[in-house]
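Here is what each chain is made of, one letter per residue.
There are 2 protein chains.
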Amino acid sequence: MLIIDCHGHYTTAPPGLQRFRDAQLKRIANATLPEPVMPRISDEEIRESIDNNQLRLQRERGADVTLFSPRASAMAHHLGDEAVSSAWTRACNDLVKRVVDLYPENFVGVCQLPQSPEVPIAHSIGELERCVRELGFVGCNLNPDPSGGHWTAPPLTDRHWYPFYEKMVELDVPAMVHVSSSCNPNFHATGAHYINADTTAFMQFIEGNLFTDFPTLRFVIPHGGGAVPYHWGRYRGLADMLKRPPLREHVMKNVFFDTCVYHQPGIDLLAKVIDVDNILFGSEMVGAVRGIDPETGHYFDDTRRYIDALPLEPRDKQRIFESNARRVFPRLDAILRAQGR
Amino acid sequence: MLIIDCHGHYTTAPPGLQRFRDAQLKRIANATLPEPVMPRISDEEIRESIDNNQLRLQRERGADVTLFSPRASAMAHHLGDEAVSSAWTRACNDLVKRVVDLYPENFVGVCQLPQSPEVPIAHSIGELERCVRELGFVGCNLNPDPSGGHWTAPPLTDRHWYPFYEKMVELDVPAMVHVSSSCNPNFHATGAHYINADTTAFMQFIEGNLFTDFPTLRFVIPHGGGAVPYHWGRYRGLADMLKRPPLREHVMKNVFFDTCVYHQPGIDLLAKVIDVDNILFGSEMVGAVRGIDPETGHYFDDTRRYIDALPLEPRDKQRIFESNARRVFPRLDAILRAQGR
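Top to bottom, those sequences are chains A and B. Here this note's numbering is used: the first residue of the first sequence is 1, the next is one more, and so on. Here this note's numbering is used: the first residue of the second sequence is 1001, the next is one more, and so on.
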C-alpha cells in the first residue's frame, strides 16, 4: 500500500523566493522600482530545504508521496494586481516543479493559480494548462476568496467560475478549495479563515446545482471539511429543508475531505460520519500547526497516527491512504503507474 | 434536575411583528412613508404562537426552561440605520418579555441589541440595561458582524467593544455570540455564516487577551462552538504556536459551548474533548433545522436525546442540563431560586 499525502505545501522554500516576493511588494508601494527578477536558486538550496523537512518527515512518518503545492498562506491573491499575482504564481509553481524533478518518487505537483480580485477566473486557465500539460502537475488550489477575507467573489456555484471548471473537466484535474492569508483582522488565517472557507464552500455546494452541470468536477475540501463533519446532522437537515437531494447524491459524488484534523477524536468523527470513499489522507505537514501535542507526545500534524488508530478494515484504510487519491487525481495515478507503483 | 435550554429564539412570533418589520423596510426604501407603529398583538395571539410550538416541544422533549431571545436571523443589523435597528430591537425584546410574563416558569428573556454597522457599541448599552434591569432579562445576543457577512467591525477582542463589556460585567450577564442573516451571497446564514462566526470568535479569543482585562466576562459560543471542538487539536496547537497560555486557562474560564449540534457523533465529540463544565444544553428548537432525521426518526434539533445517550455520570449531565447554565447566567439562577426551583 502506498501512503499518499494529498495536502502538502512548500512552506520551507529557499529564501530567494521570499526575496523575490518582497521585491514585488515593494514595487506595489513604489511603481518606479524595477520589475523584480526571480533570484537564481540552486538545486543544493532546494535539497536543503526539503531533505530535513518534508522528506525527513515523510520517512519518519511513513508516507510515500506528497501532493505538493506552493505555500497556501503566501498565495495572497489580494496583494498587488493581476500581473503581480501572475509573476508570483509562476515563480512558485516553477519552484515546486524543481522539487518534483529532484524527488520524482516523493512529490507530485499541484499548482497555485494567478487569481486576483475582480479578475475573471478565465485568466487562470493558462497557468493551469501550463502546469498540467507542461509541468506534469495533477491538480490545483482554487481560492474561493481572492480578496483575502472580504469575500467579494461570487459563490463557487456561480457561473463566474464555469470557464475554469470546463478546463478542469477537460484536463481531468480536481481542485483543492484553499484560501490564503487574510487581510481582514477578524479572521486569523489558519485558525478561522481556512476553516470558514471549507465550511462555506460545502454549504455553497449544497445550495447550488453545480454537479448537475459538471458531473465529473471534483473538489477536495481540506482541513477535514472545515466544520462540516462535526455538524453533519445540520447539513443533512439543511439539505432537506432546502429541498435538495440527499448529500450523498447531491454533493458527495464530487466532494472529498482530507484528514488534516489534528487530534484523534476529530479523525474518529470524520471516519464515522463521512463515507470512507470521500476521505483522502492529508497532513499539511510543516504547515499551520507545527508543534508537539503535549497530550500525546507526537506532532499534531502527524495525522497518519490517527488513521492508523481507526477501527477500520485494512481495505478501508487503503482507500484513505491510496486508492481514493488515485481515483480523485487520475493524473497522479498515471504518474505512479508509469513509475511501476 | 431542571433541564434548561440556553438557546431558544422566538421564531414563531405573531404576524404583527413581521408587518411592523416590513413597514420599517419599506420606509428604508422610501423615507417619505410614516414611521411605522408596532401593531397591537393580543395575549391570545402570543399564546397561540407558543403553545403549539416551543411549549409543546418543551413538554414533549422534557425541557423545563428556555432562555428565549428574538429570532436571530431577523435581527439583521445591517438593514437600515441605527434608528431602525433600535425600534426593531425594542419591539422584538418587548414581545419576548410578554412571552416571559405569560409563561414565567417556561421562558426567561435574553435580549437582542440595537447594533448597527459603524455605530459605536456603547449605543447598545441602554437597551441592555433596560432589558436586564426593567424587563428582567438575563443575557444578550451580541453580533460580532453587524454588517451581515462583510465583517467590517473590529474583532471581539478590540477595545471598540470594551464599553459594552464593562456593562456586561457590571450587570453580571453573559452574551451569546450570535450573528444574524447574511447579505453576502457567499454565506448561507445558518449553514455557513453562523458556524463561521462561532469559529471566528473563538480564534479571536485565542489571539487576544480579553479575559485578562475582563476576568469575569462570559460568552456562550453557540452551535456547539462552530468548528472548534472538531478541530480541538488545531486550536490547542495554534495557541501553543502563538505563545498563548493553554486554552483551559486562556479562554475556557470564560467561554462556553452549547449543544446545538444535530447528530449523535457530533455531541459525542463535544463531550469528549470539551470539559463538561464548559457545555450548556441548548437546542435552538424551531430554528435552523426543523426536520426529522431519517436516520433516527427524531427531530434533528431534539438535542436532549443526544445528551441522554452520552456515557456520562448523572452529575455531569446535571451540569450540562442545569448547573452550568445557572452559573453562567446568575440572573437566571436568581429567577429560578425565587420560583423555588
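Treat the hints as calculated values from the structure; they're not laboratory data. Worth double-checking, as some hints may not be accurate.
[As the list claims (entries may be wrong)] Quick look at which bits of chain B chain A covers, simulated, 3 or more residues with Cβ under 8 Å:
1) 1193 to 1202
2) 1223 to 1237
[As the list claims (entries may be wrong)] Taking lysine-lysine and the DSS-like style, the derived pairs with C-alpha atoms no more than 27 Å apart in a straight line are:
3) A:Lys243 to A:Lys317
4) A:Lys272 to B:Lys1317
5) A:Lys243 to A:Lys253
6) B:Lys1317 to B:Lys1272
7) A:Lys272 to B:Lys1253
8) B:Lys1253 to B:Lys1317
9) B:Lys1253 to B:Lys1272
10) A:Lys317 to B:Lys1253
11) A:Lys317 to A:Lys253
For every residue, glycine included, the Cβ atom is placed at its ideal position computed from N, Cα and C.
Okay, the hints, checked on the actual structure:
1. 1193 to 1202: holds (count 4)
2. 1223 to 1237: holds (count 13)
3. A:Lys243 to A:Lys317: violated, 34 Å
4. A:Lys272 to B:Lys1317: holds, 24 Å
5. A:Lys243 to A:Lys253: Roughly 18 Å separates the two Cα atoms, so the pair holds.
6. B:Lys1317 to B:Lys1272: With a Cα-Cα distance of about 13 Å, the restraint between lysine 1317 of chain B and lysine 1272 of chain B holds, given a limit of 27 Å.
7. A:Lys272 to B:Lys1253: violated, 31 Å
8. B:Lys1253 to B:Lys1317: At roughly 19 Å apart (the allowed maximum being 27 Å), lysine 1317 of chain B and lysine 1253 of chain B satisfy the hint.
9. B:Lys1253 to B:Lys1272: With a Cα-Cα distance of about 18 Å, the restraint between lysine 1253 of chain B and lysine 1272 of chain B holds, given a limit of 27 Å.
10. A:Lys317 to B:Lys1253: violated, 39 Å
11. A:Lys317 to A:Lys253: holds, 19 Å
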